[in-house]
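Asks: Chains as they are written, first to last, in numbering that gives the first Met the number 0: chain A, 0 to 328; chain B, 0 to 328.
By construction, these hints were calculated from the structure, which means they are not laboratory data. Just so you know, not all the hints are guaranteed correct.
Calculated lysine-lysine pairs in the DSS-like style (CA-CA distance at most 30 Å, straight line) [claimed, not checked]:
id, chain 1, residue 1, chain 2, residue 2
1, A, Lys31, B, Lys87
2, B, Lys290, A, Lys87
3, A, Lys26, A, Lys87
4, B, Lys26, A, Lys87
5, A, Lys26, A, Lys150
6, B, Lys87, A, Lys26
7, A, Lys176, A, Lys165
8, A, Lys26, B, Lys150
9, B, Lys31, B, Lys150
10, B, Lys176, B, Lys323
11, B, Lys170, B, Lys150
12, B, Lys290, B, Lys150
13, B, Lys165, B, Lys150
14, B, Lys176, B, Lys165
15, B, Lys26, A, Lys323
16, A, Lys87, B, Lys31
17, B, Lys290, B, Lys323
18, A, Lys150, A, Lys170
19, B, Lys26, B, Lys87
2 protein chains.
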Amino acid sequence: MSDHDVIGIGNAIVDIIARCDDDVLTKLNLPKGNMQLISAEEADRLYNGMGPAVEISGGSAANTCAGIAALGGKSSFIGSVKDDQFGKVFHHDLNAIGVTFNTGFATGDTPTARCLVFVTPDGERTMNTYLGACAELGPEDLDEDMIRGAKISYLEGYLFDPPRAKEAFMKTAAIAKQAGNRVALTLSDAFCVERHREDFLNFIRRDVDILFANEDEIKALYQVDQFEDAADNARHDVELAALTQGIDGSFIIHGNAATAVPSFRVESVMDTTGAGDLFAAGFLYGFTQGKSLDICGSLGALAAAEVISHIGARPEANLIEISKANNLL
Amino acid sequence: MSDHDVIGIGNAIVDIIARCDDDVLTKLNLPKGNMQLISAEEADRLYNGMGPAVEISGGSAANTCAGIAALGGKSSFIGSVKDDQFGKVFHHDLNAIGVTFNTGFATGDTPTARCLVFVTPDGERTMNTYLGACAELGPEDLDEDMIRGAKISYLEGYLFDPPRAKEAFMKTAAIAKQAGNRVALTLSDAFCVERHREDFLNFIRRDVDILFANEDEIKALYQVDQFEDAADNARHDVELAALTQGIDGSFIIHGNAATAVPSFRVESVMDTTGAGDLFAAGFLYGFTQGKSLDICGSLGALAAAEVISHIGARPEANLIEISKANNLL
Numbered sequence: 000m001s002d003h004d005v006i007g008i009g010n011a012i013v014d015i016i017a018r019c020d021d022d023v024l025t026k027l028n029l030p031k032g033n034m035q036l037i038s039a040e041e042a043d044r045l046y047n048g049m050g051p052a053v054e055i056s057g058g059s060a061a062n063t064c065a066g067i068a069a070l071g072g073k074s075s076f077i078g079s080v081k082d083d084q085f086g087k088v089f090h091h092d093l094n095a096i097g098v099t100f101n102t103g104f105a106t107g108d109t110p111t112a113r114c115l116v117f118v119t120p121d122g123e124r125t126m127n128t129y130l131g132a133c134a135e136l137g138p139e140d141l142d143e144d145m146i147r148g149a150k151i152s153y154l155e156g157y158l159f160d161p162p163r164a165k166e167a168f169m170k171t172a173a174i175a176k177q178a179g180n181r182v183a184l185t186l187s188d189a190f191c192v193e194r195h196r197e198d199f200l201n202f203i204r205r206d207v208d209i210l211f212a213n214e215d216e217i218k219a220l221y222q223v224d225q226f227e228d229a230a231d232n233a234r235h236d237v238e239l240a241a242l243t244q245g246i247d248g249s250f251i252i253h254g255n256a257a258t259a260v261p262s263f264r265v266e267s268v269m270d271t272t273g274a275g276d277l278f279a280a281g282f283l284y285g286f287t288q289g290k291s292l293d294i295c296g297s298l299g300a301l302a303a304a305e306v307i308s309h310i311g312a313r314p315e316a317n318l319i320e321i322s323k324a325n326n327l328l
Numbered sequence: 000m001s002d003h004d005v006i007g008i009g010n011a012i013v014d015i016i017a018r019c020d021d022d023v024l025t026k027l028n029l030p031k032g033n034m035q036l037i038s039a040e041e042a043d044r045l046y047n048g049m050g051p052a053v054e055i056s057g058g059s060a061a062n063t064c065a066g067i068a069a070l071g072g073k074s075s076f077i078g079s080v081k082d083d084q085f086g087k088v089f090h091h092d093l094n095a096i097g098v099t100f101n102t103g104f105a106t107g108d109t110p111t112a113r114c115l116v117f118v119t120p121d122g123e124r125t126m127n128t129y130l131g132a133c134a135e136l137g138p139e140d141l142d143e144d145m146i147r148g149a150k151i152s153y154l155e156g157y158l159f160d161p162p163r164a165k166e167a168f169m170k171t172a173a174i175a176k177q178a179g180n181r182v183a184l185t186l187s188d189a190f191c192v193e194r195h196r197e198d199f200l201n202f203i204r205r206d207v208d209i210l211f212a213n214e215d216e217i218k219a220l221y222q223v224d225q226f227e228d229a230a231d232n233a234r235h236d237v238e239l240a241a242l243t244q245g246i247d248g249s250f251i252i253h254g255n256a257a258t259a260v261p262s263f264r265v266e267s268v269m270d271t272t273g274a275g276d277l278f279a280a281g282f283l284y285g286f287t288q289g290k291s292l293d294i295c296g297s298l299g300a301l302a303a304a305e306v307i308s309h310i311g312a313r314p315e316a317n318l319i320e321i322s323k324a325n326n327l328l
């Protein structure tokens, strides 16, 4: 019997989110739409150039775990924060939404990670992450029983950046496989794929059952220009690939089959932060409940639509009610 | 020549805001709609009972200063934060919106103040403030030249709670009066009035030129049941009283005259936190620009309407554009 539907492991981050015009990105020399890793000094420089902001708990896999809990699923999270104010905020917000999170506080000198998110009027987010205490996550932080007790271990590609976190990532996958559980991976970001392509490919071919990626990421992984070619490659590497194309919806690749799932209409896109994370949340929740792949994809689309309709990467509305209203639960 | 239109002095607070149903207030034994002062231990207890939250800079007078800056005015702020993460957030957000804020960091052991704000589905907010480093504000923190250089010194009634801050408050008023500047006061909260009624009355009669209060506060001050009776009392005590009645608008009392100003229509009230603070911002900005009292009141109503249409007590929209579109600037 599984204790949790999904256990997520990822960078534990508080988002600092401000709206800005495109010229602010130009002035600060920020690559629009991407996630870049920055030093503490660079974080201070960018923060000085940022307008009034709000602080909201984030982190890719953590957002996914929050979404699963919001849908009524049982999820747990492993990640590293310091016991500073942001660390306590991160802890509180995960626990408060119902995610089991009991990784001990990091003991080093670096503060809890923060991501400076600049949101332009088109809703696109540009992310700048100072990893801080995330770099302290290591294999010793893993709760092995909790990993064994989860139907799916969900790994965030960003974890390949801090070296010891990558070890924890690999060990998590090994424990999950040994327990007969599934391993899911999100590629996180096209630049993250560029940084770690070979390692990702080896890991995917060996250990991954369910792969999440958007169009840019999957094309970067297989170094192809066409989405269809990338999807064909994925077909041979994993049991299930959920490939998203923003407003054009998603393709769920399963053996020789491909299921196209439309996106949900959003009145006004406020902030795309967390869209992929919440797609994964909806999909994985549906999957652990034994739903058909098109329902899984629609649950993902619905959760993604909710999260891009407001500032912040965690659900605000009642996802269970909206899902029921759309006959998905 | 004045350097600033308005200098504000107040508690420097980061708001931790979460939506909740009314039964959460009942369970946590919270008096709906009020602000109560809480200990660090009580703050932990309430935070444990709070759902996922967002952190946004707040503080009554600080919100007013932010609103004045957002309208194009020149404002400065005096208040006490520690150099912890919340303190840096508070500093950043005021500076980023254009408010001059250079009070040194508090050196004691207590962290930056935080206010746990529970927002119910009707948009009403229930506030629980742990004052932390605010209690360290004292007369020695005042920038006397900056006070002399501001047309109006705006004082928040909440400052009567921490004893040394009250000293700073009184000294600010004395400096402002001596320089021939105006002193404005907001009563802040009906319970705050109950705690300090006699001191407020003495201070108002001696030093206050412009008084801000909502209906509950002004009735509590004069211990009368009827708004009209309270307004008549205020008429004799101050040059100008801007008395708000929520959706029913405001009354600007000036000598024997009373100007009724309607509220602005808000499609959906999300969070009333900051409504009074932003009314004061609009009013004071108009006043320092020499606008007529009905325009001052309308600028207040407009700024208040903007801030209650979203979570958080500082403006998000472009107040200058909205004011121009409404022929107020």
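Asks: Take a quick look at whether Lys26 (chain B) and Lys87 (chain A) sit within 30 Å of each other, Cα to Cα.
Replies: Satisfied, since the Cα-Cα distance of roughly 23 Å is no more than 30 Å.
Asks: Within a Cα-Cα threshold of 30 Å, do Lys26 (chain A) and Lys150 (chain B) meet the stated pairing?
Replies: Violated, at about 35 Å.
Asks: Does the structure keep Lys150 (chain A) and Lys170 (chain A) at a Cα separation of 30 Å or less?
Replies: Satisfied, since the Cα-Cα distance of roughly 16 Å is no more than 30 Å.
Asks: Take a quick look at whether Lys31 (chain B) and Lys150 (chain B) sit within 30 Å of each other, Cα to Cα.
Replies: violated (36 Å)
Asks: Between the alpha carbons of Lys176 (chain A) and Lys165 (chain A), is the straight-line distance 30 Å or under?
Replies: It holds: about 17 Å lies between the C-alpha atoms, which stays within 30 Å.
Asks: Does the structure keep Lys87 (chain A) and Lys31 (chain B) at a Cα separation of 30 Å or less?
Replies: Cα-Cα ~26 Å, so holds.
Asks: Given the proposed pairing of Lys290 (chain B) with Lys323 (chain B), does the C-alpha separation stay at or below 30 Å?
Replies: Judged against 30 Å, a Cα distance of about 14 Å means the pair holds.
Asks: Against the 30 Å threshold, does the CA-CA distance of Lys31 (chain A) and Lys87 (chain B) hold or violate the hint?
Replies: Answer holds: Lys31 (chain A) to Lys87 (chain B) is near 26 Å, not above 30 Å.
Asks: Is Lys26 (chain B) close enough to Lys323 (chain A), meaning Cα to Cα at most 30 Å?
Replies: holds (28 Å)
Asks: CA of Lys176 (chain B) to CA of Lys323 (chain B), is that 30 Å or under?
Replies: violated (33 Å)
Asks: Is the hinted pair Lys170 (chain B) and Lys150 (chain B) satisfied, with a Cα-Cα distance of at most 30 Å?
Replies: At roughly 16 Å apart (the allowed maximum being 30 Å), Lys150 (chain B) and Lys170 (chain B) satisfy the hint.
Asks: Hint check: Lys165 (chain B) vs Lys150 (chain B), CA-CA at most 30 Å. Holds or violated?
Replies: Holds - the C-alpha atoms of Lys150 (chain B) and Lys165 (chain B) are around 21 Å apart, at most 30 Å.
Taken one by one, the earlier hints fail for this structure at numbers 2, 3, 5, 8, 9, 10, 19, listed in ascending order.
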